[in-house]
Structures are given as C-alpha cells and as structure tokens.
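S.K.: Listed below, chain by chain, are the residues.
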Amino acid sequence: MNRILLVALATYRETVRRRVFLAAVGFSFLIFFAPLLAIPLASGQKETLVKDIGLSFINIFGILLAVLMSTSLLHDEIDRRTIYTILARPIRRRDYVIGKYLGLLLMSAANIGIMAAAFLAILGVSLGRLELPLLASVVLSFLEVAVVTAVALLLTTVSTPLLAACATLLFCVAGHFVGDLSAFGEHFAGPASRAALGAVSLLLPNLENFNAKGELVYGSGVSLQFVALSASYAACYAVLLLFLSALLFERREFK
Amino acid sequence: MAILPLRLGRRARFAAALLAVAAGLAAVNGALNPLVASARPPGFVGQELVYFPSGRFLGEISAGQRELVADLLWIRALQYYGSHRQTDRTYTWAKHLFRVITTLNPRFVEAYRFGALVLATDALDPASAFDLLKEGFHRNPNRWEIPFDLGFLYFLHHEDVLAGTYFRRAAQLPGAPERAVRFAAFALGRGGREEKSRAMWREMRDAAENPTSREIADYALRSLDLTAALDTLSTASSAFERARGTPARSLGDLVAHGFLRRVPRDPFERGFLLDPSNGRVHSVFKTEETVVQTVSSVRETVRLYRQERGAFPASLDALLTQGYMTSIRLPDGFSLRYDAPTGALAVETPALFARAIRAR
Numbered sequence: 001m002n003r004i005l006l007v008a009l010a011t012y013r014e015t016v017r018r019r020v021f022l023a024a025v026g027f028s029f030l031i032f033f034a035p036l037l038a039i040p041l042a043s044g045q046k047e048t049l050v051k052d053i054g055l056s057f058i059n060i061f062g063i064l065l066a067v068l069m070s071t072s073l074l075h076d077e078i079d080r081r082t083i084y085t086i087l088a089r090p091i092r093r094r095d096y097v098i099g100k101y102l103g104l105l106l107m108s109a110a111n112i113g114i115m116a117a118a119f120l121a122i123l124g125v126s127l128g129r130l131e132l133p134l135l136a137s138v139v140l141s142f143l144e145v146a147v148v149t150a151v152a153l154l155l156t157t158v159s160t161p162l163l164a165a166c167a168t169l170l171f172c173v174a175g176h177f178v179g180d181l182s183a184f185g186e187h188f189a190g191p192a193s194r195a196a197l198g199a200v201s202l203l204l205p206n207l208e209n210f211n212a213k214g215e216l217v218y219g220s221g222v223s224l225q226f227v228a229l230s231a232s233y234a235a236c237y238a239v240l241l242l243f244l245s246a247l248l249f250e251r252r253e254f255k
Numbered sequence: 256m257a258i259l260p261l262r263l264g265r266r267a268r269f270a271a272a273l274l275a276v277a278a279g280l281a282a283v284n285g286a287l288n289p290l291v292a293s294a295r296p297p298g299f300v301g302q303e304l305v306y307f308p309s310g311r312f313l314g315e316i317s318a319g320q321r322e323l324v325a326d327l328l329w330i331r332a333l334q335y336y337g338s339h340r341q342t343d344r345t346y347t348w349a350k351h352l353f354r355v356i357t358t359l360n361p362r363f364v365e366a367y368r369f370g371a372l373v374l375a376t377d378a379l380d381p382a383s384a385f386d387l388l389k390e391g392f393h394r395n396p397n398r399w400e401i402p403f404d405l406g407f408l409y410f411l412h413h414e415d416v417l418a419g420t421y422f423r424r425a426a427q428l429p430g431a432p433e434r435a436v437r438f439a440a441f442a443l444g445r446g447g448r449e450e451k452s453r454a455m456w457r458e459m460r461d462a463a464e465n466p467t468s469r470e471i472a473d474y475a476l477r478s479l480d481l482t483a484a485l486d487t488l489s490t491a492s493s494a495f496e497r498a499r500g501t502p503a504r505s506l507g508d509l510v511a512h513g514f515l516r517r518v519p520r521d522p523f524e525r526g527f528l529l530d531p532s533n534g535r536v537h538s539v540f541k542t543e544e545t546v547v548q549t550v551s552s553v554r555e556t557v558r559l560y561r562q563e564r565g566a567f568p569a570s571l572d573a574l575l576t577q578g579y580m581t582s583i584r585l586p587d588g589f590s591l592r593y594d595a596p597t598g599a600l601a602v603e604t605p606a607l608f609a610r611a612i613r614a615r
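Residue numbers (our numbering), protein chains in the order written: chain V, 1 to 255; chain R, 256 to 615.
Think of the hints as simulated: they come from the structure by calculation, not from any bench.
Be aware that one or more of the hints could be misleading.
Okay, the calculated bits of chain R under chain V, using three or more residues with CB under 8 Å as the criterion [claimed, not checked]:
(1) 268-280
(2) 284-290
(3) 325-338
Every beta carbon over 10 Å from chain R, so not counted as near; a handful from chain V, in silico [what the hints assert, rightly or not]:
(4) Ile4
(5) Arg17
(6) Arg19
(7) Ala24
(8) Pro90
(9) Leu105
Incomplete in silico selection of chain V near chain R, CB under 8 Å [to be verified]:
(10) Gly179
(11) Ser232
(12) Arg251
Everything numeric in this text was worked out from a predicted model, so none of it was measured.
Built from N, CA and C at the ideal position, the CB exists for glycine as well.
So that you can see chain V by itself, here it is in the shape it has in the complex:
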C-alpha cells in the first residue's frame, strides 16, 4: 500500500509541475470570464449561459488534461528510461499502474477543484449568490475523468501516446452516444448489427451517466442517489479497466 501511495504522490508532484497543467488551469480561468463578456448578447439567458459554459469547460478541460497526462506520462518514463530504475526497486508492476492511476486522479482532482473554485467565485460575483448545487456537476465531471483516465491508462499500456490519446478521445465521444447506439440498433439494424451494437454498448463506458449539466442548469437538480450511483458505476468500471491495464503492463517487455 505504501508503495502505491509513493508512486501516486510522485506522479501527482510530477504532473502538477508540468507546464501543460499550469497552462490548462490558467486558460480555463480566461474561459470563465468569456461568458461574462457575452452577457449583453445573451438576451435574457445570462445565468444559464454563464453556468453552461463554465460547467462544460470544467468537463472538457478536465478530460483533455487527464488524457494528455495519462498518455504521455508512462511513455516519458520509458523514453527517459526512468521506468527501469523504478521497476528495479521492490515494486510490483500492478502497484506501479495503480499508483500512477491514483496520482493522475489526484492531479485531476486538483485541476477540477481549482477550476470549480474559480468558476463558482466568478459566478457568485456575477449573480450575487453562491450556486453550490452546481458542485454536483463538478463531482460528476471528476467521476467521468476517473473513467476516462482508466481508459487512457489502459490504451497507453498497449499503444503509443498519440494513438492512445486519439483512441481515448474517440472513447469519450462514443461514451456519450452509448444510449443512441443501442437505440439505433433496435430501430434500424438487422439482427447481426443489432447484436454487435448491443455488445459494443455493453462494453463501452456510458459517460452520459456523468452528464447532469442540463438538469442542474435548467431543471430541478439531481438527487444524491443519482450521484452515488454514478460514483459506483465509475468505481466499478475503473477498477475493471485498471485490472486489465495491470494485466497488460505485467506482460509488457521493456528493452
């Protein structure tokens, strides 16, 4: 356990020092101010516009940064040959993978946490009240990032960083259309395609489980039960992918 924590903390320290992390956080701050400039053009939709853009960018930047970090980190260590030093120590490969994952999650938590604090502060100043219920969307974004990080780490263990990053982003897009895939199969596909689409939609992560921005901005909010169930989904899915990542990493040969 200590070894996993050591790897996690080292990963966290390494990622937050990277320029890309600082750039992403800095840029997201600028983005939060953008809707404030657009308020005069929003024709009565001021509040929803500011909330929409803010929550979407927390989600998008959270995912982009997680994908960039997850896919480059392992490759950098192999490239710089530091992985040999790490694996030569009494640390199991699976612990290394789990540690990396937890470190990346810590980094994402920091990134999303900073962005959310800035967003809620700007929103608070703009609207004159603190919109704490929107934190549910921030939590759900973090859960989505947790699943996406697990996907990215899995793909990194078997592929190059660029390919892994592209494939992970494709997973993200597909993950938001899982419901549509099975609906499409039910309505239009033949028996074989329907079975194939059904199988794909059973394996892909359903990232819509983490999307409640609409409900939170326009609707009546979401229940704690919804957040808890989404968290359970994220945890189960991520654990299975981590298991697979560890399995593949154990088989990998370093020359």
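Go by the hints and put chain R onto chain V.
M.R.: Structure of chain R alone, referenced to chain V:
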C-alpha cells in the same frame, strides 16, 4: 502473470482474464446503467430540447461536418420519439428536432418523411408535417418519396384531388414504385374512404424501410379498427336506447338483448366501457392516452412557466390566460387537481374508469 494464479497456460490465463473483464464490464453496464437512468429526474428529454440550438447555428459550429451532426441528431430524434412513444405520447420538440436535422442536411429524405409521419400522426400537427414535406420536395425535386408522402397525407386529410396530384407527380419521378400509380387511382377513384385508408396504410406498413415507420403504420391500422369497433358499439347502444327508452347498463346488455352479436375485439386490448348514465361507449385505451398526453403537456408547461417566471402558476387557468396553452382537453368526467405551491398535478378519475385504469 502473478495477477491470475491459475493452473493454466500463460495465453489461456490471459484470454480468461480478458473474458472476465469483458463480462465484468457488461455486468456493470447491464446492472448499473438502468439504476443511474432511473435516478435521473423524469421527463427531462423534452425540457433539455427547449435550449436545443437551431440547425443553422449548429451548421456553423459543426466545422464542415454538417452531415455527421445531422446523422447524430437523427439518432437522437429517434430516441426522443421512442422514449415519448413509450411514456407520455407527447412530442413537443419533434418539429424542432426534424427541422434542425433537415436544415443541417437538406438531402436527408428519410428525416422529412419520418418527421412528417410523426408530426401528422403522433404529434397531431399536420400543418407542420405538410410544411416539412413541401420544403423537402422543394429541396429534393427528384425524389419520388416526398410527393408520395405528401399525397398520402393529403388523402388522410380528405384532400383527394391534391392527394391524387401528388401521387401522380411521385409516379413520374425516377425510381417510383408501382404503388404510386395505384394510390393515385385510389385517391381519385370511388369506394369507401375507410377501406381505402386501410389499404394504403397496409401498403405503407409493408413498404416501410424502418421498423419505427412500420410501427406507426401498424398503430394507424389498429386505430382504424378501434374507430370501427367504437362505431359498431355506439350504433348498437343508440339502437338499444331508441328501442327500450333507456340507455343500456353495460356492453353485455347490448349482446343479451340482441343489439350486438358480440362485443368487438379491442385492437389495443384495453377494452371498452359503456356509461350507463348516457349510453356512451368509450375506449379505455383512447381515454387513457388522452389523459396521459394532456397531463404530460400541462406538467411540462408548468415547468416551463416556472423556469421563465421563477414561480409556479397560481392556477391552471393562468397557463391559458397568459398564452402558455390554448386549451386543456380531458375526456368527460376527468379533471385535474393542481397544487400551486408545489406545482404538483393529480388526475381525478371518474368512477366509471377508476377500476379499468387501476387494473392497468
């Protein structure tokens, strides 16, 4: 492979582990997805579409991928239609969705056709269905399917001459099937309207390219059967009242006194009810459908009112007087109970229907 300490070969253990993970992912998705979906606030799809952008705007931001975006929205539209068909049968945003899709991809003939079918038969908005098809025909003058569907819609709306004209135009276009000529003859020829409608719907069902269109045609055929059954029952009930001076007390009375050989089968299998106070015959299915549609529509409007005005309407009349709705139509004897502080709605069901609806 220390992770799987099994007595298997290395490859076999790896394959077994892969299968186990795949089964695990399927189990997680299969078990948790429905739970998460059920924990979401109900009826959000329609609300979400209030803020759905226009096709032109989406086209601008699609970075040259208009057709792809239209395809994705097509799938979303089917999902929207499917989910509302299974629940409240209210299609507030169907018109907007199909407009967006056809603006993004003006050559998406199936979107005009399916959209018009949904608008005309399910959303009960034939004017928008005609507009959508005419726009589609203007943009795709060489596609026989659109004038064919226009002819069909005109026929359903008793405009036989226009129907015949459009069927003929369809028949002249490349690839038109032989049934276009036959439908033109149907529309302009003699014979019972119901019989012709039934024949056309049957052909539409058999020629439908997607299962959803087939289901719509099938539903239309069953609705025709239901109307015929209701006509039979109403005629028998009126004859009973004329002959005996008092309304029948039940459908069984009509059969027992020889006014009906047997109670016709309900194609939706929900049954019929005879109101002993006035002898009127009701279809349980149609009554329920009207109630569910009205309640959904009122509920959504109340939600919209609250979003726009920050408070629930003081009464349901406020929705009418302030232009949010033009009418609130409920079957005889049904009424709505509204709680202004919470915006909650409840249906008051008349005794005649109470048992039939509870039994569902």
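S.K.: Test coverage of the segment 325-338 of chain R by chain V using CB-CB distances below 8 Å; three residues minimum.
M.R.: Satisfied; 6 residues make the cut.
S.K.: Going by Cβ atoms only, is Gly179(V) closer than 8 Å to chain R?
M.R.: holds (7 Å)
S.K.: Can the hint on Ser232(V) be confirmed by a CB-to-CB distance to chain R that is less than 8 Å?
M.R.: holds (6 Å)
S.K.: Would you assess whether Arg19(V), listed as outside the interface, keeps its beta-carbon beyond 10 Å of every beta-carbon in chain R?
M.R.: holds (28 Å)
S.K.: Evaluate the condition: distance from the CB of Ile4(V) to the nearest CB of chain R exceeds 10 Å.
M.R.: Non-interface label on Ile4(V) holds, nearest chain R Cβ at 15 Å vs cutoff 10 Å.
S.K.: With chain R as the partner, please determine if Arg251(V) meets the hint condition of a C-beta pair closer than 8 Å.
M.R.: holds (7 Å)
S.K.: Per the stated criterion, does the least C-beta distance between Leu105(V) and chain R lie above 10 Å, as a non-interface residue requires?
M.R.: With a cut-off of 10 Å, Leu105(V) remains clear of chain R, as the shortest Cβ separation is near 19 Å.
S.K.: Non-interface claim for Pro90(V): all C-beta distances to chain R beyond 10 Å?
M.R.: Correct as stated: the minimum Cβ-Cβ distance to chain R is 14 Å, above 10 Å.
S.K.: Since Ala24(V) was said not to touch the interface, does its Cβ keep a gap of more than 10 Å from each Cβ of chain R?
M.R.: holds (22 Å)
S.K.: Taking a Cβ-Cβ distance under 8 Å as contact, does the segment 268-280 of chain R have three or more residues in contact with chain V?
M.R.: holds (count 7)
S.K.: So is the segment 284-290 of chain R in contact with chain V by the C-beta rule, three or more residues under 8 Å, or is the coverage claim wrong?
M.R.: Result for this restraint: holds, n = 5.
S.K.: Are all C-beta atoms of chain R more than 10 Å from that of Arg17(V)?
M.R.: At about 32 Å from chain R, Arg17(V) clears the 10 Å cut-off, so the statement holds.
Figure legend: structure checked against the earlier numbered hints; every hint is met.
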